[in-house]
Amino acid sequence: MDLSYTPEQEAFRKEARAWLEANVPKERLPSFDTREGFDAHCAWEKKLHAGGFAMVPWPVEYGGRGADLLEWLIFEEEYYRAGAPGRVNQNGIFLLGPTIMEVGTPEQKARFLPKMASSEEVWAQGWSEPNAGSDMANIQATAIRDGDDYVLNGQKTWASRGAFAHWLFGMFRSDPESTRHRGLTFILVPLDTPGITVRPIEKLNHKKAFAEIFFDDARVPVRYQLGEEGKGWDVAMATAGFERGLMLRSPARFQDTARRLVDLYRKTVASGQPVAPGLRDTVARCWMDAEAYALNTYQTVSRLLAGGKIGAESSLNKIFWSELDVRMHETALKLLGHRAELLPGAPAAGDVGEWLDGYIFALAGPIYAGTNEIQRNIIAERILGMPRK
Amino acid sequence: MEFMFSEDQRLLQETVRDFLAGECPVEFVRGQWETETGRSPEFWSKLAEIGIPGLLVPEEYGGLGMSEIDAVLVFVEVGRAALAEPVVPTAAVAAPLIRESGNTALAERWLPPIAAGEALVAVAQPTSPLVPEAHVADLLILRAEDGLHAVPRDAVRLTAQPSNDPSQRLFTVDWKPRNEDRIASGAQADRLELAALDRGALACAAQQIGTCERLIAMSVDYTSQRRQFGVPIGSFQAVKHHLANLKVALEYARSHVERAAHSVAHDVPCRSVDVSMAKISAGEAALQAAEVSLQVHGALGYTWEQDLHVWMRRAWTLDLAWGETAWHRARLAGALFDEERPAESFGFTPRVG
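Those protein sequences? They're chains R and D, same order as listed. The opening position of the first sequence corresponds to residue 1 in the working numbering, with each subsequent residue numbered one higher. The opening position of the second sequence corresponds to residue 1 in the working numbering, with each subsequent residue numbered one higher.
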């Protein structure tokens, strides 16, 4: 056990810190759930890419830096320390990217990964359908082979930033006779394909970037099929593993929130405003749990670098970070007292920061990427070995 | 950066696990409840044969010369087996305290018999007047205003304080400090006492991990076998989610405990905060496991005969040992809110900048 960084890792941290300090926008960008914010975030991604920091752990040939996962963790720490913008292409770069790297053909890697790394192409995910949410195997959208094309029909929904994204990935039923998780194929779909209609859905945050997507005889070339025909479920499971497991929510994000929370608590107490006595303990607990998530991730990365794999334990992570995120934000709102309900522009709001927005975003955490109820079933059945029936 | 145990460390853990599965079954633990001292010199000799009392004793004194990183996995197994012999005061706390006291005569007198399994040491905890297993100790390490004292048992008067956990015997100690017993004073005494507290809390936290694992395993077994409505009760989501929650609490507590072992072994500046986080999270995981396990065992778990309460009581006992959760919570909050700068987050190294 060695918990120190090598001189090379320290040097990389220093380099990343210097670059971020020089380049991170001084003003917070508008929300990437708006058209204007989406474009501003894409411009930031291009800058990050030109600086060589867009995809730290990816191979150089695909627009990455060829670094290992430890350096990725270091980069994430510096990224959040610098207060840099959220990653607008997170569904592409953190979820689909690693999956293409694992199961894609050489042509697919060359075609998709570089433009993903630079966010020239931003990806939405098409997991859910109206009747396939937690029951993801109940997919009804179809992809029927016709020569060198798949003809897509049906509907996907709850696609984050689907209103602005360029591409979508998801599973389609390629064998109409099949049921459940058999007969599904994982397909990459350009959203400007004729026959596709994108209809924005207004989210709880009042923004319209979320979308439902309709397919009406939309033709997509077979070369956009990822993995084997009929094996889409296995490809999707690999993607979901990354999502819950490691890449989507790095510990630095929560450690950063926890430190801001500690700071808010100290400032609130110093201001003389009354603070409920239990909050001191709750804030300390949040900080401690964010530390636990970081420690646990470093352990996972150590295991991966030693040749191990992420399995069902990614469900533990997903529950832990999503519930911690909610707890941290609701605690911050309690500290803000009567100001908690004010929007940042309100004259009486003062320095309320982004806590309210963050809280509303955090509330989605226990729902997306597989509800926490589903994760608990997975833990009970696949990790603890409890009976399915 | 390599946050994992070596193969040798895992091998040591497996060896101890197998040893305790054979030599310390629950029948043995319950049998000890009925004996006069509650302790078994024969069993302690067997522990000495595999080196446990001397884990942290330097090799030149006959010990294994290991570090807390090696020892933490051993203490997980101690917890899994509900082993309540005085391994924490003697092996985890007293041995390194004597080593660090810089007192060669004390080390030469006590470390070889500790490693050989021929001497037991009781240690007063700064957070409680109760001293466990003082009745079988050859030496007591006690705190007085003028410093730390190493006192022979015949120089103190013990008053038994019966405990809810029949696996342990608790005592209060009446004694008068004598100059010839003093082993440290002033800042050195404070430093040794704080290190003792951190080592004791770390060893308890590791046992709480083992206790929690055992409780989860018992509950998974029971709910997979017990049938109601024609199916195993473990197939119900209400039961599954209870146990899944325990698994989440366990795994994140484990990360804290393993990190704290590293922090103690390397005596890093944030050692005490790391130990407190380990003790809080492992203690809460074990307490939660005790409550949930009782719930899913139903009325059967509420009987004296069922073995569940052996571990339930260990969870309760360990929570109070070497700083109860409230004490460690207060210490953590102090580090975050009362210092000029809050404690540093893991990974965000202060060496850069």
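Keep in mind that the hints are not guaranteed to be accurate.
Listed below are the simulated DMTMM-like cross-link pairs for lysine to aspartate or glutamate, each with C-alpha atoms no more than 25 Å apart in a straight line [said to hold, decoys possible]:
no., chain 1, residue 1, chain 2, residue 2
1, R, K334, D, D338
2, R, K267, D, E7
3, R, K267, D, D338
4, R, K309, D, E14
5, R, K309, D, D338
6, R, K309, D, D8
One side of the interface only, derived from the structure: several residues of chain D facing chain R at Cβ under 8 Å [claimed, not checked]:
no., residue
7, M66
8, I69
9, S128
10, L130
If you're looking for bench data, these hints aren't it; they were derived computationally from the structure. The beta carbon of each residue, even a glycine, is placed where N, CA and C say it ideally should be.
Quick rundown of the hints versus the structure:
no.	hint	verdict
1	K334/R / D338/D	20 Å, holds
2	K267/R / E7/D	47 Å, violated
3	K267/R / D338/D	12 Å, holds
4	K309/R / E14/D	22 Å, holds
5	K309/R / D338/D	41 Å, violated
6	K309/R / D8/D	21 Å, holds
7	M66	13 Å, violated
8	I69	5 Å, holds
9	S128	21 Å, violated
10	L130	25 Å, violated
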